[in-house]
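Protein sequences appear in the order of chains A and B.
Its first residue numbered 1, the first sequence is counted upward by one per residue in the numbering used here.
Its first residue numbered 1, the second sequence is counted upward by one per residue in the numbering used here.
Just so you know, these hints were derived from the structure itself, not from any lab.
Treat the hints with caution; some may be incorrect.
[As the list claims (entries may be wrong)] Have a look at the derived ranges for each label pair, beta carbon to beta carbon:
# : chain 1 : residue 1 : chain 2 : residue 2 : range
1 : B       : P122      : A       : S39       : 30 to 38 angstroms
2 : A       : G99       : B       : A67       : 40 to 48 angstroms
3 : B       : P122      : A       : P5        : 38 to 46 angstroms
4 : B       : G58       : A       : G94       : 21 to 29 angstroms
In this text the structure is predicted, and so the values were computed from the model without any measurement.
All C-beta atoms in this analysis are idealised placements derived from N, C-alpha and C, irrespective of residue type, glycine included.
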Amino acid sequence: MERIPILRMGPFLLVTIQVDMDDRVAVQLQDDLTGMISSTHASGVLIDISALEVVDSFIGRMIGNISAMSRILDASTVLVGMRPAVAITLVELGLTIPGVMTALNVERGMAMLNALQDERNGRGKK
Amino acid sequence: MAEAKSDRLPLVREQDVVLARQAIRKAAQQIGFSIVDQTKIVTAASELARNAVVHGGGGSMEWEAVARDGRTGLRLTVADKGPGIEDTTLAMKDGWTTGSGLGMGLPGARRLVNEFKLVSKPGQGTTVTITRWK
Numbered sequence: 001m002e003r004i005p006i007l008r009m010g011p012f013l014l015v016t017i018q019v020d021m022d023d024r025v026a027v028q029l030q031d032d033l034t035g036m037i038s039s040t041h042a043s044g045v046l047i048d049i050s051a052l053e054v055v056d057s058f059i060g061r062m063i064g065n066i067s068a069m070s071r072i073l074d075a076s077t078v079l080v081g082m083r084p085a086v087a088i089t090l091v092e093l094g095l096t097i098p099g100v101m102t103a104l105n106v107e108r109g110m111a112m113l114n115a116l117q118d119e120r121n122g123r124g125k126k
Numbered sequence: 001m002a003e004a005k006s007d008r009l010p011l012v013r014e015q016d017v018v019l020a021r022q023a024i025r026k027a028a029q030q031i032g033f034s035i036v037d038q039t040k041i042v043t044a045a046s047e048l049a050r051n052a053v054v055h056g057g058g059g060s061m062e063w064e065a066v067a068r069d070g071r072t073g074l075r076l077t078v079a080d081k082g083p084g085i086e087d088t089t090l091a092m093k094d095g096w097t098t099g100s101g102l103g104m105g106l107p108g109a110r111r112l113v114n115e116f117k118l119v120s121k122p123g124q125g126t127t128v129t130i131t132r133w134k
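Isolated chain A (complex conformation):
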């Protein structure tokens, strides 16, 4: 079955969704990602959806679930690269993705995760 690759970069996990996923692939990603957060002790997850032309209620919910599960596993999720047309459509659809941090692009998203990581390290030293 088709799978979305998850890359490890230091304390973070990177996911770039490049294909139009069917629901099963989306659920598989959710499972793979939570498994990998747990096994790698990742502190942050960056999901790049700049290639996605459509985010419907199912995919939106999957993103919300990943964020909620990550939080329980002590990791932060940043969603980056949402296309303007997708953002407009999601709002009209009525879907909110509570608790998910967003950034305009991968660079800003990584900066966000790094800042959170610094804060986390600072807390540890005290």
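Please arrange chain B on chain A, whose structure you already have, making use of the hints.
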């Protein structure tokens, strides 16, 4: 240019929802929809196609380019032969669901299009027709 002005697609497997999105994207592009309008009709099609596959036990999607009063649009009909909907007013409410979903498919799809018609009777399946004008 020879272009298909109408077509039909079966909705049986989860993968068919993806194919439906791609087909409607292509049809919307051919009509000359803006990116935002394309995204809205494709998203609405995705919600309805998923409903047919997951709740309707499979069905089909038909679409056609339509014209009225000098305007062009895209009309989609998603039909299934599933259990049907007991209370269609309730089914159109945000957050109402029989399954594990968000209850957002039907009311969400309605907000993304200009015209929306839902016909369903228990035991006789569900047919949803939507139109988005350019």
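Numbers of unmet hints, in rising order | Failing hint: just 1.
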